[in-house]
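A.B. asks: Single-letter residue listing:
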Amino acid sequence: MTPVLRLLARRLGISLIVLIGVSMLVFGIARVIPGDPARIALGPNASTEQIAKLRASLHLDESIFVQYGHFIKDLSRGDLGISLYTNRPVTTDIAQFLPATLELVLVAGVLMIAIGLPLGIWSARFRGRFADHIIRLVSLLGVSAPSFVWAVILMLLFAYYLPLFPIAGRITDTYTIESITGFLLIDTLIAGNFQAFLNAAWHIVLPAFALALSGIGQAARLTRANMIETWDKPYIEMAQAYGYAPARIANRFAFKPSMIPSLTIIGLDFAAMLGNAFLVEAVFAWPGLSRYGVAVILRKDLNAIIGTVLIISAAFLIVNLIIDLLIAFLNPRIRYSQRDVK
Amino acid sequence: MSANRPGSGEDTGSVKNGSMERNSSGALLDIRDLHLGFRGYTGYTKVLHGISLSINRGQRVALVGESGSGKSVTARIVLGLLQETRTARITGDVEFQGNDMSSLNASQRRALRGTRMSMIFQDPTSALNPVFTIGYQFTEVLRRVDEKLSKEAAYLRAAELLHTVSIPDPARVLDAYSFQLSGGMNQRIIIAMALANSPSLLIADEPGTALDVTVQAQTLQLMHDMVATHNTAVLFISHNLGVVREFADRVYVIYRGRIVEEGATQSVFESPGHAYTRALMAAVPRVTGGGIPDIDDESADFHDPCFTHDSPIAGTES
Ligand SMILES: Nc1ncnc2c1ncn2[C@@H]1O[C@H](COP(=O)(O)OP(=O)(O)O)[C@@H](O)[C@H]1O
Ligand SMILES: [Mg+2]
Chain A
43 MTPVLRLLAR
53 RLGISLIVLI
63 GVSMLVFGIA
73 RVIPGDPARI
83 ALGPNASTEQ
93 IAKLRASLHL
103 DESIFVQYGH
113 FIKDLSRGDL
123 GISLYTNRPV
133 TTDIAQFLPA
143 TLELVLVAGV
153 LMIAIGLPLG
163 IWSARFRGRF
173 ADHIIRLVSL
183 LGVSAPSFVW
193 AVILMLLFAY
203 YLPLFPIAGR
213 ITDTYTIESI
223 TGFLLIDTLI
233 AGNFQAFLNA
243 AWHIVLPAFA
253 LALSGIGQAA
263 RLTRANMIET
273 WDKPYIEMAQ
283 AYGYAPARIA
293 NRFAFKPSMI
303 PSLTIIGLDF
313 AAMLGNAFLV
323 EAVFAWPGLS
333 RYGVAVILRK
343 DLNAIIGTVL
353 IISAAFLIVN
363 LIIDLLIAFL
373 NPRIRYSQRD
383 VK
Chain G
7 MSANRPGSGE
17 DTGSVKNGSM
27 ERNSSGALLD
37 IRDLHLGFRG
47 YTGYTKVLHG
57 ISLSINRGQR
67 VALVGESGSG
77 KSVTARIVLG
87 LLQETRTARI
97 TGDVEFQGND
107 MSSLNASQRR
117 ALRGTRMSMI
127 FQDPTSALNP
137 VFTIGYQFTE
147 VLRRVDEKLS
157 KEAAYLRAAE
167 LLHTVSIPDP
177 ARVLDAYSFQ
187 LSGGMNQRII
197 IAMALANSPS
207 LLIADEPGTA
217 LDVTVQAQTL
227 QLMHDMVATH
237 NTAVLFISHN
247 LGVVREFADR
257 VYVIYRGRIV
267 EEGATQSVFE
277 SPGHAYTRAL
287 MAAVPRVTGG
297 GIPDIDDESA
307 DFHDPCFTHD
317 SPIAGTES
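Residue numbers (my numbering), protein chains in the order written: chain A, 43 to 384; chain G, 7 to 324.
Some hints could be false.
[Said to hold, decoys possible] Calculated lysine-lysine pairs in the BS3-like style (CA-CA distance at most 27 angstroms, straight line):
hint : chain 1 : residue 1 : chain 2 : residue 2
1    : G       : K154      : A       : K95
2    : A       : K115      : A       : K95
3    : A       : K298      : A       : K275
4    : A       : K298      : G       : K52
5    : G       : K52       : A       : K115
Hints were generated in silico from the structure; no laboratory data involved.
Given these sequences and hints, build the entire structure.
C.D. replies: Right, dumping it as structure tokens:
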């Protein structure tokens, strides 16, 4: 087995254990918080028999261990149960709301990488000069406020006082786009409706930036710090002694080794966006998983709560897995863990 | 190869007039009255106090002195690297192949590096980038001269060059990373890279000091043979007189930013004129062949001989 496959297998194993742990935790917590889900679901006018019947069908009258057993059995069939809020399978609900959240997070992630890393590289390359001071100031500003604060600020500035961007939503209502991937930026292109694509892109700018700003700042600061450390390495002096162009030395010979220690933290920042997205979605009325998540928590909709948390956890773990593989791909020391392997 | 590369470079044509005439000695590298200082928070620190040094084509010249005496900064000025450091103040003449280095701009100086001059550092393993294969780094070096060299051709050429430094399995080495190879192997790679574009000047700053002594001796022998076949001049920087004696034609002894003695290796070793040189030599066991231990880097006890022999240096250190 190659080191990378071994790494992948180990990480998958760990991820599975984490997911099981999370499911137990959420399962326990969801049942401990006060309130009878059956009573909440059926409303104040329901009779005792009706409630008892619903409780029985939800296995709520059995012990928590038996309930967990039922849950795992259903889960292994890909069944997360019925939501008491929407009366639909939880999986259907999640499939409907998750893509909007994922789209927002992915666009924010792309912004973080596409803006944060180059800023960090420039800052390191021109350290001590004007560009560096500006970039450091801006990145410090970025990390100094949480994303929902940025959401409010950006909305006030660029949607309210300067109405450059829409205040809410994913796309203007006049467009009807058939949902194929659930990602509007992709579905509009599949539909060949470029106008709709631009409209969707226009809608996502502010929420994505609000979500990405602290990540951009963090990525820039991290990249700068690691690049500056790399700069003192003999192989950089060697690259200079061989007369490579300064931009090439920065973007390639210094950037790649600097990226390896940054990636883990950038990956964590990216994964944290999944959580922060909930608040940004709330500010911009973004029809993602957050509205659903808040609604089901208030209604103590057990299946939906557990399903939502599990999906977010799984997404978190997948992001981490991808980051680990990316690091292995960038760092030959992980790929070839022994000397003279070939 | 160096035959079709006369005195001045393709992109430095405008500077060759005038400076060609001035360089009457015909030396490859001519340093005259080089001064260097650094501006720092604590004030201005002078590091070089008027160094003069000259190297002819194909000549091997050693610059010897203890740690901190200004050897590496001299090398970095010749390469045109220190000129990019904003705190450095450099005055004096450095002429390379008849071009006045101070009249060149940064990119003109850069064009000389890796093509007509190259450099070998102390520790071969840390001088190679750990996240790129040897093959990638080597072909990049080859592309410094021939940008349009195809990947296949570059790999073939690299393998050929690795063969000339007695690397038995070049294909495997080209696919490897520096941390997978031994220090001696990396040093061979570095030597091959440094000479790949047939530079006319090679600067070796304490080459292989990080290697163990037998490997260091082997790779120095290899470097000696390789520069001879390429007819490359060498500025060999060392604090190890034993090694210098075997390697260099000519020796400059540097002490606290001043050249205190210069001459043919033979005569300097037979009748060292300066007390500092004698002290340096006394500090080194005289062994022929490899296996010379390094002298202690901290040698504060050399103040006295300098005061008796040279102009006072008080106030030159921060
Ligand atoms: N970038 C720099 N800024 C300030 N001082 C420097 C710098 N580079 C070298 N020096 C100083 O110059 C002196 C000579 O250094 P160096 O040439 O590296 O010595 P060595 O002979 O051991 O190679 C040292 O005192 C060192 O502290
Ligand atoms: Mg040095």
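A.B. asks: Each hint needs a verdict: does it hold in this structure or not?
C.D. replies: Evaluation of the provided hints:
1. Our distance criterion of 27 angstroms between C-alpha atoms is broken by K154 of chain G and K95 of chain A, whose separation comes to about 79 angstroms.
2. Annotation: proposed proximity of K115 of chain A to K95 of chain A holds, straight-line Cα distance about 21 angstroms (limit 27 angstroms).
3. For the hint pairing K298 of chain A with K275 of chain A, the CA-to-CA distance comes to about 13 angstroms; that is within 27 angstroms, so the pair holds.
4. For the hint pairing K298 of chain A with K52 of chain G, the CA-to-CA distance comes to about 37 angstroms; that exceeds 27 angstroms, so the pair is violated.
5. About 78 angstroms separates the Cα atoms of K52 of chain G and K115 of chain A, which puts this hinted pair outside 27 angstroms; it is violated.
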